[in-house]
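Novice: Here is how the chains run, residue by residue.
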Amino acid sequence: MDLFEYQGKRYFARHGIAVSPGDVADTVDEAVAVAERVGYPVVVKAQVKVGGRGKAGGVKLANNVDEVREHAVNILGLDIKGHVVKRLWVERSSDIAKEYYASFTLDRPNKTHLGMLSAQGGVEIEVVAEENPEAIAFLSIDPVEGLTLATARRWVAEAELDDVAREQSAELLVKLYECYTQGDCDLAEINPLILTPDNKVHALDAKVTLDENASYRHPEWEEFRGDEFEDPREKMAKEKGLNYIGLDGTVGIIANGAGLAMSTLDVVNQVGGTAANFLDIGGGANADVMAAALEVINADPKVKSIFVNIFGGITRVDEVAKGVLEALKRVSINSPIVLRLDGTNALEGRALLAPHLNENLITEPTMLDAARRAVALAN
Amino acid sequence: MSIFVDENTKVIVQGLTGSQGRFHGLRNRDYGTKVVGGVTPGKGGSDVDGIPVFNSVKEAVDATGATASFVVVPPKFASDAIIEAAQGGITFIVCITEGIPAHDEALTYNRLVEEFPGVRLLGPNCPGIISPGKCNIGITSGDIALAGGPVGIVSRSGTLTYQALHELSMQGIGQTTCVGIGGDPVPGTNFIDCLAEFEKDPETKAVMMIGEIGGSEEERAAEWIKLNMTKPVVAYVAGVTAPPGRKMGHAGAIISGSKGTAQAKMDALTAAGVYVCQNPTEAGAKMVEIVRAM
Chain S
1 MDLFEYQGKR YFARHGIAVS PGDVADTVDE AVAVAERVGY PVVVKAQVKV GGRGKAGGVK
61 LANNVDEVRE HAVNILGLDI KGHVVKRLWV ERSSDIAKEY YASFTLDRPN KTHLGMLSAQ
121 GGVEIEVVAE ENPEAIAFLS IDPVEGLTLA TARRWVAEAE LDDVAREQSA ELLVKLYECY
181 TQGDCDLAEI NPLILTPDNK VHALDAKVTL DENASYRHPE WEEFRGDEFE DPREKMAKEK
241 GLNYIGLDGT VGIIANGAGL AMSTLDVVNQ VGGTAANFLD IGGGANADVM AAALEVINAD
301 PKVKSIFVNI FGGITRVDEV AKGVLEALKR VSINSPIVLR LDGTNALEGR ALLAPHLNEN
361 LITEPTMLDA ARRAVALAN
Chain B
380 MSIFVDENTK VIVQGLTGSQ GRFHGLRNRD YGTKVVGGVT PGKGGSDVDG IPVFNSVKEA
440 VDATGATASF VVVPPKFASD AIIEAAQGGI TFIVCITEGI PAHDEALTYN RLVEEFPGVR
500 LLGPNCPGII SPGKCNIGIT SGDIALAGGP VGIVSRSGTL TYQALHELSM QGIGQTTCVG
560 IGGDPVPGTN FIDCLAEFEK DPETKAVMMI GEIGGSEEER AAEWIKLNMT KPVVAYVAGV
620 TAPPGRKMGH AGAIISGSKG TAQAKMDALT AAGVYVCQNP TEAGAKMVEI VRAM
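Chains S and B, in that order, give the protein sequences.
At position 291 of the first sequence the residue is numbered 291 (our numbering), and the sequence of numbers has no breaks.
At position 31 of the second sequence the residue is numbered 410 (our numbering), and the sequence of numbers has no breaks.
Since the hints were derived computationally from the structure, they do not count as laboratory data.
Glycine included, each C-beta is placed from N, C-alpha and C at the ideal position.
Hints should not be assumed to be uniformly reliable.
[Stated by the list, open to error] Mimicking DSSO-like on lysine-lysine, the simulated pairs with C-alpha atoms at most 27 Å apart in a straight line are: (1) S/Lys329 x S/Lys49; (2) S/Lys111 x B/Lys665; (3) S/Lys111 x B/Lys605.
[What the hints assert, rightly or not] Distance ranges between label pairs, derived from CB positions: (4) B/Gly423 x S/Val50: 49 to 57 Å; (5) S/Lys175 x B/Lys437: 36 to 44 Å; (6) B/Lys437 x S/Asp163: 37 to 45 Å; (7) B/Ala672 x S/Arg154: 52 to 60 Å.
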């Protein structure tokens, strides 16, 4: 789960990382109230989960109440790369002497944690990595050992942060690492991490991605939920407990297993179609799950055909077939359904469906045949 | 021959008394796997359909001589179960648990490497390992596999592993061992570990590799293949059409920026001399063609 900047800053603050005083605002009046409270000048920042806010006019400096009002009016409702701004973060403006970059993420090839620190912050780190890779000090951290203050001190020196910033930065990095590990982040990034003219180091932005697998030990994450889905189809699928990702095509996809679901998208594409979604119904494909899956896909007006691709392993194909028939009794489906059923109890499953087959309920013997049929029906 | 396991491998099931553990543990035994014990703290002395249950891995290993463990416990207990297996003397651990936090996986992996260097972990979040006719640890349905070789399979995806077995078995082509390494960000066993074993195994004549988007394991495997692999490899990589920035089911299946795309992986594998196919059916057909020409 990606956090908004304001959520990330609250997460950082909880772990003792210094951020600018500020608050969220959903209306122009709220923005003014926050500005009056924290004191001018303030920065009015669009809260969207996409980069390039500044260039899109989503980050503005305001020196007085009129400017706050003007910027809040302009930014609320602004469309930034398809993300409509519904919320602002208003914070006290900081004077900036230097901009640094700091982040922690998982280093998958090395199976350790990876810290990245640079004295060249404020720009996209990918650009720095491309154009000036020696400006980034990489630190591989053994999860068993963690990050000590001594190591952090060596690291800030290696990254050539300004002398006056080093001790504060080292302490901040240890806290950020704690936030990253204890807070179960996939990514904890500060860009820019700033040094002010009066030699204070603090986080001016926050980019945090949380590992959903750890949500069982983070009840506090509940406050971050609710507005994480921009796509109404994904919201509906989440409510039904389905693993769904909305796409733009016309063939609705239902498959068991993430790999098979991905592969189904690929095959539909190869035979000239486009997938409307990714949907993995997992191992327990009973009637309820199948009905929920068909309902979500049916609610997508772009869908012209539905491809159900099942390879029974632990999932028994006869159970899937029963699920489809049961689902069809409950839900009225607007598009023809093409099924490919293989694996455990496939013969029994196909036999169950046989009496019900018609031009809107079709079986095909292989994945490729089924893909071609579903695409032909959709195009 | 087979890799990692064979007909003599003695297996205990951690979590045998749970519904999943019981279901899969008994299925594995029915397949012919030597399932010699189960472990559930507090339930020692009982049994599951004749399989004795012990309070700890150590007790189970002392009593049965097991060397492999099948971990079927919920995510919050999985890391401790894996470490307990290693401490108890198990050398091959298969963990099918899905949904373990990435930080736990990274910590557990490094603890195993540092404290228990002789221990291999397969998974987590994997279908397990099957050496047809000899040993099946995990959730793969035994009837889609065919004994006798000559193909080794290694796969990052669960259902696509079954698809790969099916494509070959339908054509009468058997498998030596099929290893599901799982789709999580920190797998205990990777492609290269399996490719190296298949390269050494005299009965394995060719290898089928199923990859997916995310990470760089396929690219690393390609490098290794170029330098070390003498046997033909057929590969399929799922997720050509996956959009960047979205997790496609598996925690590990995500394209970050320009990294981890299926195309980059397919290009690397092609450059390493691997037969890269566009879908599982094509990969199966290619492998059948290679084996028949041998």
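Novice: Run every hint past the structure and note whether it holds.
Specialist: Hint by hint, here is what the structure shows:
1. This hinted pair does not check out: lysine 329 of chain S and lysine 49 of chain S have alpha carbons roughly 40 Å apart, beyond 27 Å.
2. Simply put, lysine 111 of chain S and lysine 665 of chain B have alpha-carbon atoms about 33 Å apart, too far for the 27 Å limit, and the pair is violated.
3. With a C-alpha separation of about 23 Å, the suggested pair lysine 111 of chain S and lysine 605 of chain B falls inside the 27 Å cut-off, and the hint holds.
4. A beta carbon spacing of about 55 Å between glycine 423 of chain B and valine 50 of chain S agrees with the range 49 to 57 Å that was offered as a hint.
5. About 39 Å separates the C-beta atoms of lysine 175 of chain S and lysine 437 of chain B, a value consistent with the hinted range of 36 to 44 Å.
6. A C-beta distance of roughly 54 Å is found between lysine 437 of chain B and aspartate 163 of chain S, which places it outside the suggested range of 37 to 45 Å.
7. At about 58 Å, the CB distance of alanine 672 of chain B to arginine 154 of chain S agrees with the hint of 52 to 60 Å.
Violated hints, in rising order: 1, 2, 6; the structure is consistent with all others.
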